[in-house]
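Below, each chain spelled out in residue letters.
Number of protein chains: 2
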Amino acid sequence: MSRRDFLGKSAMLAGGAYPAMMALGMLRAAPAHAFNLEGRVAGKHIIILGGGLAGMTSAYELAKLGYTCTILEARQRAGGRCWSIRNGSTNTETDKPIATAHFDDGLYFNAGPSRIPHHHQLTLHYCKELNVPIQVYNNVNEGAYYFAEGKGPLSNKKVRVREVHNDIRGYMTEMLAKTMDHGNLDAALTKEDAEKVIEYLRAEGGLDTDKLYKASARRGYSEAPGAGDRPGKISDPHKLADIIHSGLMDPDFYNVAEYTYELQMTMFQAVGGMDQIAKALEKKVAQSLKLGAEVTKITNTANGVTIEYKDAQGMHSLNGDMCICTLPLPVLSNINNNFSSDVSRAIDYIDYMKTGKIGLQFKRRFWEEDDHIYGGITHTNNELTQIFYPSYDYLGKKGILIGYYNFNDKAKRTGELSYADREKLALEKGRLVHPQYDTEFEKSFSVSWHKTKYNLGGWAEYTTDARKNQYPALLKPDGRVYFAGEHLTYLNAWMAGAFESARSVVAALHARITEQRIKYPAQGAKG
Amino acid sequence: MSRRDFLGKSAMLAGGAYPAMMALGMLRAAPAHAFNLEGRVAGKHIIILGGGLAGMTSAYELAKLGYTCTILEARQRAGGRCWSIRNGSTNTETDKPIATAHFDDGLYFNAGPSRIPHHHQLTLHYCKELNVPIQVYNNVNEGAYYFAEGKGPLSNKKVRVREVHNDIRGYMTEMLAKTMDHGNLDAALTKEDAEKVIEYLRAEGGLDTDKLYKASARRGYSEAPGAGDRPGKISDPHKLADIIHSGLMDPDFYNVAEYTYELQMTMFQAVGGMDQIAKALEKKVAQSLKLGAEVTKITNTANGVTIEYKDAQGMHSLNGDMCICTLPLPVLSNINNNFSSDVSRAIDYIDYMKTGKIGLQFKRRFWEEDDHIYGGITHTNNELTQIFYPSYDYLGKKGILIGYYNFNDKAKRTGELSYADREKLALEKGRLVHPQYDTEFEKSFSVSWHKTKYNLGGWAEYTTDARKNQYPALLKPDGRVYFAGEHLTYLNAWMAGAFESARSVVAALHARITEQRIKYPAQGAKG
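Chains as they are written, first to last, in the UniProt record's numbering: chain A, 1 to 527; chain B, 1 to 527.
It should be emphasised that the hints constitute simulated quantities derived from the structure, not laboratory data.
Owing to the predicted nature of the structure, the values given are computational and were not obtained by experimental measurement.
Please note that the accuracy of each hint is not assured.
For identical chains, the list gives no copy identity; a pair is met inside one copy or between any two copies.
Said to hold, decoys possible - Subject to a maximum C-alpha distance of 27 Å in a straight line, what follows is the list of computed DSS-like cross-link-like pairs (lysine-lysine):
| hint | residue 1 | residue 2 |
| --- | --- | --- |
| 1 | Lys412 | Lys284 |
| 2 | Lys443 | Lys191 |
| 3 | Lys412 | Lys310 |
| 4 | Lys196 | Lys211 |
| 5 | Lys283 | Lys310 |
| 6 | Lys397 | Lys64 |
| 7 | Lys158 | Lys398 |
| 8 | Lys519 | Lys44 |
| 9 | Lys211 | Lys412 |
| 10 | Lys239 | Lys178 |
| 11 | Lys191 | Lys64 |
| 12 | Lys410 | Lys211 |
| 13 | Lys412 | Lys178 |
| 14 | Lys211 | Lys453 |
| 15 | Lys284 | Lys151 |
| 16 | Lys196 | Lys158 |
| 17 | Lys178 | Lys196 |
| 18 | Lys397 | Lys284 |
| 19 | Lys128 | Lys443 |
| 20 | Lys196 | Lys96 |
| 21 | Lys211 | Lys178 |
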C-alpha cells in the first residue's frame, strides 16, 4: 500500500488516522511548532516597539526571513514583564523613587510570569529552541495552608490544604451517597450505574462501609506513622459548619483555580529565573535592540511609518516600512499617534489588571524545615491573598518567598503604599501564618505592575463587552502598524500570548509584503 | 521576661506556645531530625545483615556513636531496592540468566522507590545531610491519560485525566446541587450554610447559573486558544454513562491513590537517580561494607552473635556483640538461624508484594513532543496498570519511561514471562496508547521484585491479622539480633521506613549497651 493510498484510507477512519500515521512516522516531518514561512525578504525595515517577549520574538522570527529590524525599548533592560528580581534589579514606579533589590547572589523571584502550563507548547518550543532549561513549578501542594484571618471557628489557624480538600470531599460525597441510597437521582442512570456511582463516591470521599465520612489518613496525621509500635494518629475531621463559617469553602480559599486549564499540573519555570527566556531571546536579537529608547510618537506616513523616540542623546526619528507595536495599551494610550478613531478608542478602553508581588528574603527556609512546605501556595483571606513558596533550591539555606500576590482592589491598596509599608504589611500579615518571619526576615523588594513605568498594568483583562467591541479593532493593522502582545490574544497574562501574538503578526506582515496567502496557525492547533 | 518565665507562661497557652517560641528562635536549638544519642561506645562490634538503606543507615549512625560495624551484603552493590537502572546495571532473577542493562549514558529509571513524599522528613533529612540534591517528582499530571482497553464507549481512546476529573466533578456536583435545591439534606446545616454549600458546588463543579454541568475549559480544548480571532474551542463533556461503562470511575482509573497522604504533591526524587541516596550513604560506611557476602547462618550465642556467610573466597564465620538484621523476610526465611519459634513464624508468615517495572528507552520523547505529557502517570485497565513518564530531562532528546508498574496478580503473570516477552507485552499494550512506540523504541530492562534474588518481594504487605499477630514478634530483639527495615514499620514500601526503622533499632541497641533509657523518637513526631 502506498503512502497516498494509506492516507486516503486513513482519512475515512475518523479518529483512527492519527495513530496510524504516527505508526508510519508520517507526522514527524512537520513538527508542531515549525514556523517555516516561505520567501525571504531583503531591504525591508521593521520597527518594533517594545523589547518584551512579543517584540523580541517578532524580531527573531522576522530576521530569519531576511528583514532588518529595530526594537525600541524604553528601559535599560529587555524582557518587559518576563523579569526576575535579583541583586541589583531596579524598578521605577510612577509615584516613587527608583528602587534597587539587594538580594543575596543566587536568589531571585519572578516579578512577572512565574508559571508555564504544560500545554503552552509555543512557550516550551522557545525554551527548547533557545536552550533554556526548565524545571517543574510546583503549583499544587496539599501541604500548604489555608489561613482565615479573624473568621469563624478556624480563625487564625494554619489549616493544611489536604485537611480541607479531604474533609469537604468526604462530606459532599457522604451527602450525595446518602441521597442516592434513597432513590435514583438521575433519570439517565440505570440502577446498576447508580450503584457504580455510589461505589465511586465511597472511594472518592474515603467513606466507611456505612458511607459516612470519618477520620482519614488522607488529611494527614497528628502523630506521624513510624517504625515499630508507631502506627500514627489520625485526628477528627473539621466540622463542615466550621469550614463553612471560616469561609474555607469560599473562592478566597477553596482553590478552584487549581482546576483551571492553565493552572493544572504539570507546570514549569525556567531554571534560574523566568527571565532566562528573555535573556536567551535578547542574545538572538541583540543587534536590533536599542535600549533606553522611549517612543514618543507613532505616525503612519504615505509610504511607511515614522517613529519618534527619545534616549539619553535626545530626540530621534526613525523611518520603517512597517511597525509592530507591542506596547501595553495603558502606555500606548499616552503616546502621540495618528491611529484611526476605532483603534484609539480600543487602546483607551481595554482594562488592565492591577496586581503586585513582594519578594521576601529569609535567612532560613523555615517553610521547608519547620512547616514541610515545598513550593505551592498558601491562601489567605487578607490583603496578602497568596504566599508563594519557591519551587527551586529545595533544602537550600536561604530563600525568597512571595509574601503577597494580589489583584484588583487589594493590589490597588497595596500599590498605594510606600515600599517600606508594603514590606511592613507583608510581614505583619505573614507572621500570622509564619511567626518565623520575626527572626528570619532579611530584605524585600516589591513590584506593583499598574504603578510600574512602561507597564501601567499587569495584563489585559477583558470584559465581555471589550472583547466583543474593542478587541477586534486591534487585530488588524492600522495602516502599517501591527499590534502584538498578550493583550491581543485569548492567552492573557501568559507568556504564550506574547509568543502566539508575535508569530501571528509576523505571518500577517510577511504575507502582506510578499503578497502571499498565509494562514496562521497553518492548521488548527490541537488543545 | 526571662526565657524560663516565658516558657512557663507559654506552656499554659495551649497551641500558642509554638508560634511564640518560634518567634524567640527557641525551637532552632533542636532541629527536628537531630539524632544525638548520648554516650560513646568503644570496642563493640555490630554485625549488620544487608547493605540496603536500613543497614547502611544503622552503620552510619552507630559509627557516630563509636561502634565498629560490619555490613554483610550479598550483592556486588549496596543500596538494595534503592536502585536506579542505568547502562551496565545487572540483575538476577531466580529463574533467569543474569540480565544487563544497555541504556544510553545519562538515562536511568528507578526500579525501586521513585518518589519521596514531602512529609517524609527523615528521608529529606538524609538527602540534606548527605548532600543529595532533590527535584520534584511530578506525580500529578492532569494531561496524562486514562486508557480503557476494550471496555465501553470510551474503549481504546486516550482520555485525558483532566477530562475525566472535570466531567465527574461536574456531574456529581450537579446531582448534589439539584438535590439540595429540593431541601436541606443535612440536618446539621442551617439554610444559610446550605446555600453556601450550593455556591461551593457551583464553583467546584464549574456549573452554570442553572447549576448544570456543560462544556468547560477545565477539561481542555479541542482547538487551543491563541492570538487574534482564536478564542479556542471547547468540546462537549463525556456522558456520565459512558464514563461509567468504560470503567473510568472504577479504582483502576479514577485515581483516588492521588489523594493518599503519601502520594499527595509535593513529591521529590533524587537528582540523577534515587540510588544517589544509597551511593551517598555507601561512601559514609565504605569501611564497614563487605560486598558479595551472602549470609548463611545466624546464631545467638551465650555472649554475642555468630554470623556465617559465604563470599568468593569461601565460607566465613564472624562474631559480633550484637546484630541488626535488615534482610527482607522472604530471604531471611531461607537462612539457618536459632531464632525463637514466634520470630520464625512471623518471618515465614508475613506477605510481600509482588510487583515489577519495565524501563523502555525511546529515541525521542514523543510523550512530551506529541502528547504534551511531562511526568505523571497514565492509568490503564490492562496488564500495564500504569505508564510512568520521567520527571527529569524535560525537553531532552531521549528518555526512559516505565512501561508498566504493576502489582499482585498482574505482576505475578508479568514476572513469569521471559525478559523478551515482558518487553513484547509492554510494547504491544503500550502502543495502543502511544503508537509512537513502533518507531521510537530502542531497548528495555525489567525487574520483577518477587523474582529477584536477595529480595523475593517488593515490600511487606500486612494483613490486619499479620500486623496484629506476627508483626510484634519482630519488634523485639531475638537474643542479640535486632530486626530492621521498611517491613518493621507502618511506612511499608517507603524509604522513610528504612530510615525510621534503622534509627529506632540503633536507639534500642544503644540503650541496651549503655544501660540508658532512650525513647525513640524523643518526642511524638508531628504529622
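Find the hints from earlier in the document that the structure breaks and name them by number, from lowest to highest. Hints 1, 2, 3, 9, 11, 12, 13, 14, 15, 20 contradicted; others consistent.
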